[in-house]
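J.: Below, each chain spelled out in residue letters.
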Amino acid sequence: MKNNSVRTIVAVGIGAALFFVLGRFVAIPSPVPNTNISTQYGLLAFMAALFGPVAGALIGLIGHALIDFSYGWGIWWSWVIASAIFGIIMGLASKRINLADGEFSTKEILTFNVAQVIGHVLAWGLFAPVLDIVMYAEPANKVFVQGLVGGLANIVTTAIIGTLLCVAYAATKPKKGSLKEEK
Amino acid sequence: MNGIFNYIDRESPIHRLTGATKLVCLLLWSFAAMMTYDTRLLAVLPVISIVLFIVSKIRLRDVRFMLGFTLVFMVLNNVLVFLFAPQHGVSLYGTKHVLFSLGGNYVVTKEQLFYHLNLVLKYLATIPIVLLFVCTTQPSEFAASLNRIGVSYSIAYSVSLALRYIPDIQREFHEISQAQQARGIEMSKKQSLVKRLKSAGAILIPLILSSMDRIEVISNAMLLRGFGKNKKRTWYMGRPFRKWDILAMMLCALLLAASVWLNARNGGRFWNPFLA
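Heads up: the protein sequence lines correspond to chains A and B, in order. The letter at position 1 of the first sequence is residue 1 when you use the numbering used here, and the numbering goes up by one with no holes. The letter at position 219 of the second sequence is residue 219 when you use the numbering used here, and the numbering goes up by one with no holes.
By construction, these hints were calculated from the structure, which means they are not laboratory data. In this text, a Cβ means the ideal position worked out from N, Cα and C, and glycines have one as well. Hints are not guaranteed to be accurate.
Stated by the list, open to error - Distance windows between CB atoms, simulated:
hint : chain 1 : residue 1 : chain 2 : residue 2 : range
1    : B       : R171      : A       : V149      : 29 to 35 Å
2    : A       : V149      : B       : K231      : 41 to 47 Å
3    : B       : R10       : A       : L110      : 51 to 57 Å
Can you make the complete structure from the sequences, with help from the hints?
T.: Structural data, given as structure tokens:
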């Protein structure tokens, strides 16, 4: 086992704990009754961009499953899997972004946001509703509307919180080639 | 602050089962309940779970909050299903017995009511058993159990780390939030949505950046102690299976088998009393 994989294991653990805390306690009440805006997807996008698709998938899976568990309604597998899928897509798409080297300017912001929109549309517009129909036999139009509303809200929060996080994190890292040898 | 996972330490046969047994039973049970829409099986499961609740010495008072939350969720989901698809039952069961009309497409049929009954029973079949699992399994034993049922130990360790650090991160979130509020950040309903999101950012950024440092510290500590060197590891909270563990798992496997058998006999997931 290499050093990197231990770091990924820890990142998954801490990431899932953060995902849980944000999902349970940092819900921003939205104008629509009984619907909270979930800030945790901004975090998930950021962690996946930093630690890759495997970490992204596991953070989404474990974090979301723990949230469901703590509410006591069992695990709503279709949505838990959709969270994991969003983590994978973000991790894969962010291979071009080198966050760890402090690079996050206009081009990266654009890549990050295009990726998160695609990720959310696929996860909530396609996977979550289809799995709802297959696993729970729920009516199609209901689950697609639910998925689209949730997906749209997630796109907005990820765009604001995810981007802010990446910018703030990149600012703490020294840029590649920022030091010059004095001659 | 504590008690999100609400483990309640009492002396009972359910507590004495190992965590791995309870996890296996939970999985078998929830698959059994998830797979079928056979009303007869779905009606039996809540009765058994109430009996198990009595055996476990967990009182209704202990789980009142979680139970209330879930019941609200259940009612909302049912209302949504009816609003979006008032004829879903008719398309599932293939017959139409109209009871009365609410105007437009909203015609109440026996089939639709029967479908809602099944949805409610599905919740009642799974909720108590999840609550029971949460209340009778110690969180640290949970990670050991994941490894026991075949999940790779690095993933089990991630889960254990998450459970370990949730209270810490929660406390830190609370502290940062109060510090930022003292500096004039507002997150109440008076602010516009975008402003509220931005102020959430002002709390989340310090929280998450400090967690990034935590990741470094913990992974260095684990590397120093040689984590990941061997293929297997032991767990402080791991316990061997006993007679009752095997029996409990066999009973739950029977439930799953019953669910599969009923699906095969009904020729689908739905038991249809309207075609008699």
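J.: For every hint, state whether the structure bears it out.
T.: Hint by hint, here is what the structure shows:
The hinted window of 29 to 35 Å between R171 (chain B) and V149 (chain A) holds, with their beta carbons roughly 33 Å apart. The supplied range of 41 to 47 Å is met by V149 (chain A) and K231 (chain B), whose beta-carbon atoms lie about 46 Å from each other. At roughly 56 Å, the beta-carbon separation of R10 (chain B) and L110 (chain A) lies within the given 51 to 57 Å, and the hint holds.
Violated hints for the displayed structure: none, as all numbered hints are satisfied.
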